[in-house]
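K.L.:
Chains A and B supply the protein sequences, listed in that same order.
Be aware that the first sequence starts at 1, since it is given in our numbering, and climbs by one per residue.
Be aware that the second sequence starts at 412, since it is given in our numbering, and climbs by one per residue.
Any given hint could turn out to be false.
What follows is a set of in silico ranges between Cβ atoms, one per label pair, in the way DEER data are often shown [said to hold, decoys possible]: (1) B:Asp494 - A:Pro233: 44 to 50 Å; (2) A:Glu299 - B:Arg545: 45 to 51 Å; (3) B:Asp494 - A:His186: 25 to 31 Å; (4) A:Asn198 - B:Ile423: 37 to 43 Å; (5) B:Asn532 - A:Glu114: 43 to 49 Å; (6) B:Glu511 - A:Val175: 55 to 61 Å; (7) B:Ile423 - A:Val175: 51 to 57 Å.
Okay, derived cross-link-like pairs now, EDC-like style, lysine to aspartate or glutamate, Cα gap no bigger than 20 Å in a straight line [to be verified]: (8) B:Lys491 - A:Asp137; (9) B:Lys491 - A:Glu115; (10) B:Lys488 - A:Glu161; (11) B:Lys490 - A:Glu370; (12) B:Lys413 - A:Asp137; (13) B:Lys486 - A:Glu115; (14) B:Lys413 - A:Glu58; (15) B:Lys490 - A:Glu141; (16) B:Lys490 - A:Asp137; (17) B:Lys490 - A:Glu115.
Honestly, the hints are just simulated from the structure, not real lab data.
Using N, Cα and C, we set each Cβ at its ideal position, and we do this for glycine too.
Now for the letters of each chain:
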Amino acid sequence: MSQIESPDDNIAKDKQEKLLIDVGSTYFKLSNKTNIEQHFRDFNKSILDDLTHKCGQEIERFDKKDIHICSSANGGLSTLIIGVTHSFSLKYATNIAFNSGINIIDTILFQNIEEYSVPSDLIDVVIIVGGINSSSDNFSESLYRYLNNLTYSNVVFVGSELDVPTIKANIENVVVLPNIIDDRLHIVEDSLKAYLTNLYQQDIEGKEDIKDLYNITDNQIFSTPYVVNKTLPFIHTKYPVVNPFVLLDIGGATTDIHYSKDLVDENIVTNNEYDRLVFKKLGVYKSKQSLIFAAKNNEFVYELLMHLKVTENIFEEQSNKATKVLMQLAIFLVLCKISHYKKAYVNLKLLSVNSFVLTGGITKVLTVEEIENIVSFFYKKILNSEHNPVTVLDNNYDIWTLGAEGKERCQ
Amino acid sequence: MKVVTGVVGNDIHVVANRLIDLSLQARGYEVFNLGVNTYLEEFFDAVIETGADILLISSLNGEAEGWGREVPRLKAKYKKLDDIIMMIGGNLVVGTGNAEDIIPRYKGYGFDIVCHQVDLNTGLDSLEEMLKERNLK
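If we strip away everything but chain A, and leave its shape as in the complex, we get:
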């Protein structure tokens, strides 16, 4: 049976126009050649129902092969990393996990494993790491006892070769990959990154809500942070961004930070130009309460509220003004977390930053001036500096579009 095509259909297909869809935890976005639209999600509907209800006509214009979808709404894989030191095994494995698109990471320092409580929730993947290949006996009985009490779906060992036989003998179904620490104590990313990226893809595809989306696309659904990270080397083609820069994606549930590697003094030596870091309970919609909690525990927040000419009652309000303040707070807290003021997984050299790029829902709420106001407050108050990086707003989602188009071209 032949299908009657409308003139619009012909236009879309002749020019190989693509429809790009990004499903976030709070909004979804659609981008075609000329237009980008954004819709607040209806959480009473499945993603597909919501999408077809709001944008059905647009989706029908395209063939399934011309629709590309990425998602950060699946909650991510829960990951537990057990390593023997903070500076090497835990840091390297965490870095690889973040750059593989994983959002939820907890770590355990093996020597103190008996002091950690066992999470009651199912862990998607446990990563065990420690020691260069010539070191041995990095783990002992306490690891196996801990794992016996833990519920997990996958376990992978990426530590010393000499420990492999013992690990295999004691941990059922363990996947063994090459050590992520080489003999010069440098990071080796490829195998673990490929393993985690595949696991993440399988997880996205396995989630019922996301699985439904294959009804409208023939293409693989990627994770959004993975797509964004791929865009960063080309960001200057869209914006006047000067390296080194920090990209903040403050979303509804989490905040993603992508940063130039020049901003860290690290023992991590990789081929990546940009690394990624995620704050999992810092968002302005789903994670709003934990954001407010973090704000109330920050000694400078009351000064910041005064600076913004509001009181803490703003936290209880439901208004545009309250949303703005919440987003400004989120920027401030994120900057605190990545500065030397708070010891975090990484501390960036913020005095060397030339540009701050903001993407995500925040670009629809705050102006450049409102963001620069917070950034300069942070620099003066926390870093005691007049440094003033340029703020760039990705308010047309060009970064995501560029990444998604690039991804599609690579296929």
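Starting from the known structure of chain A, fit chain B onto it as the hints suggest.
P.N.:
Showing chain B alone in chain A's frame:
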């Protein structure tokens, strides 16, 4: 025998660091050089990851003074560092000072061998002597 080495704190004396690396290798050690600007925790962590027997910290600008005080507190947090040989060398004070005062102070911080303004080879000879005394070589 494995040695972890590097320059502690905000100290960029890379030439001295390289010479120590080369001299250790020439004496047959397997060297893990963390380079300059290394934090104390990274030294201890590198010993754990490599299974090293010796930790040799150097300092040229005198920063070791401040970091040294932190050694007992930090080392106590580790459960597998009891058997390592800890050595420190270079210029160990800001300004001037004499070895009679400096050596006991650093030994009090937990270092087994302290070489203040001592020639590199002389310092490494004293390491060899300690290894012999402990029947490790």
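K.L.:
What hints, given by number in increasing order, does this structure fail?
P.N.:
Hint check: 7, 10, 11 and 14 fail, others pass.
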